[in-house]
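Peer 1: One-letter residues, chain by chain:
Number of protein chains: 2
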Amino acid sequence: MASAPVAIQDLYPDDFAHCFGCGKHNARGHQLKSFVDGDDVVARFTPRSEHTSLPGFVYGGLVASLIDCHAMATAAAAAERAAGRGIGDGPAPRFVTAALNVSFLKPTPMGGELVLRARVTERSERKAIVEVTLSANDVVTARGNVVAVPMPASMSAAGPLV
Amino acid sequence: MASAPVAIQDLYPDDFAHCFGCGKHNARGHQLKSFVDGDDVVARFTPRSEHTSLPGFVYGGLVASLIDCHAMATAAAAAERAAGRGIGDGPAPRFVTAALNVSFLKPTPMGGELVLRARVTERSERKAIVEVTLSANDVVTARGNVVAVPMPASMSAAGPLV
Numbered sequence: 001m002a003s004a005p006v007a008i009q010d011l012y013p014d015d016f017a018h019c020f021g022c023g024k025h026n027a028r029g030h031q032l033k034s035f036v037d038g039d040d041v042v043a044r045f046t047p048r049s050e051h052t053s054l055p056g057f058v059y060g061g062l063v064a065s066l067i068d069c070h071a072m073a074t075a076a077a078a079a080e081r082a083a084g085r086g087i088g089d090g091p092a093p094r095f096v097t098a099a100l101n102v103s104f105l106k107p108t109p110m111g112g113e114l115v116l117r118a119r120v121t122e123r124s125e126r127k128a129i130v131e132v133t134l135s136a137n138d139v140v141t142a143r144g145n146v147v148a149v150p151m152p153a154s155m156s157a158a159g160p161l162v
Numbered sequence: 001m002a003s004a005p006v007a008i009q010d011l012y013p014d015d016f017a018h019c020f021g022c023g024k025h026n027a028r029g030h031q032l033k034s035f036v037d038g039d040d041v042v043a044r045f046t047p048r049s050e051h052t053s054l055p056g057f058v059y060g061g062l063v064a065s066l067i068d069c070h071a072m073a074t075a076a077a078a079a080e081r082a083a084g085r086g087i088g089d090g091p092a093p094r095f096v097t098a099a100l101n102v103s104f105l106k107p108t109p110m111g112g113e114l115v116l117r118a119r120v121t122e123r124s125e126r127k128a129i130v131e132v133t134l135s136a137n138d139v140v141t142a143r144g145n146v147v148a149v150p151m152p153a154s155m156s157a158a159g160p161l162v
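So the protein lines, in turn, are chains B and F.
Numbering-wise, the first sequence is residues 1 to 162 according to the numbering used here.
Numbering-wise, the second sequence is residues 1 to 162 according to the numbering used here.
These aren't lab readings, by the way, just hints derived from the structure by calculation.
Computed from a predicted structure; not experimentally measured.
One thing to keep in mind: the hints can contain errors.
Chain B is nowhere near these chain F residues, computed Cβ spacing over 10 angstroms in every case [claimed, not checked]:
1) D39
2) K127
3) T133
Subject to a maximum C-alpha distance of 27 angstroms in a straight line, what follows is the list of computed BS3-like cross-link-like pairs (lysine-lysine) [what the hints assert, rightly or not]:
4) K33(F) with K106(F)
5) K24(F) with K106(B)
6) K106(F) with K127(B)
7) K24(B) with K33(F)
8) K106(F) with K106(B)
9) K106(B) with K127(F)
10) K106(F) with K33(B)
Glycine included, C-beta positions come from ideal geometry on N, C-alpha and C.
Bound conformation, chain B alone (with noise of 0.2 angstroms):
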């Protein structure tokens, strides 16, 4: 019998999810949820009524944010599975972009349910590249190109080191 399918973003290890787009422990924040569906991985997101950039349309910034939380989470599926695991079968690695890249090819509508939907297109140990789209009502609006890199010692003391 299938189990239900786990969110990428719900096996980041604690102290490790708190982002503002896809963290569990923010309580303020977005909470995208990303799924492994075959090659591909697919989060869905219906924008609140503030999340406007011109009155009709999704603000881009949320566009950017979604397509960037959604590549990590690629990035990190796509590299348990090179190592042979599979989504649940321990903590997801943490992945921190390096460049994040968008095309808004037109204008996202507000009112609906975007999807997202990437795949890994080229990966190393020392980074992956992640194609994304995002769709409204079955048109892509946006893609994004986005650099992907495990997450630095740096980043995993209390605080930052700059």
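Mind docking chain F on chain B? Use the hints.
Peer 2: Coordinates of chain F only, in the frame set by chain B:
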């Protein structure tokens, strides 16, 4: 006697001032304010405690969002200057983002004010390229390269056309 500086976003027409990142009419938004400073445009923003990624560091989605809104204001100021007007002489033209490219150079620490500084490096009637830095404690932690285009007519209707 010098008059008080006016935020570029506060000169956006009322019908287009609802952006979550910088709209004066979005009570729940960030209300970023960008000011002309010589050849640059500068903004300052202090993240709230929930705007975290990993503990101690600022959420990359917020960094990207601030760079995005600040770049649109910078494009608006450059358009006004190209038309022979100053900021405050009339409503500011409304730009939207065609492409948002952010390089995260190092983690951005929580706990202080972020400073955004931007300049248009290339401009035509059809688009502007805006280069942005985001600094914390005088250290540049992220760079943005943003393509701004004048708001298309399809976005000035009451709702989405997609």
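Peer 1: So which of those numbered hints doesn't the model satisfy?
Peer 2: 7, 8
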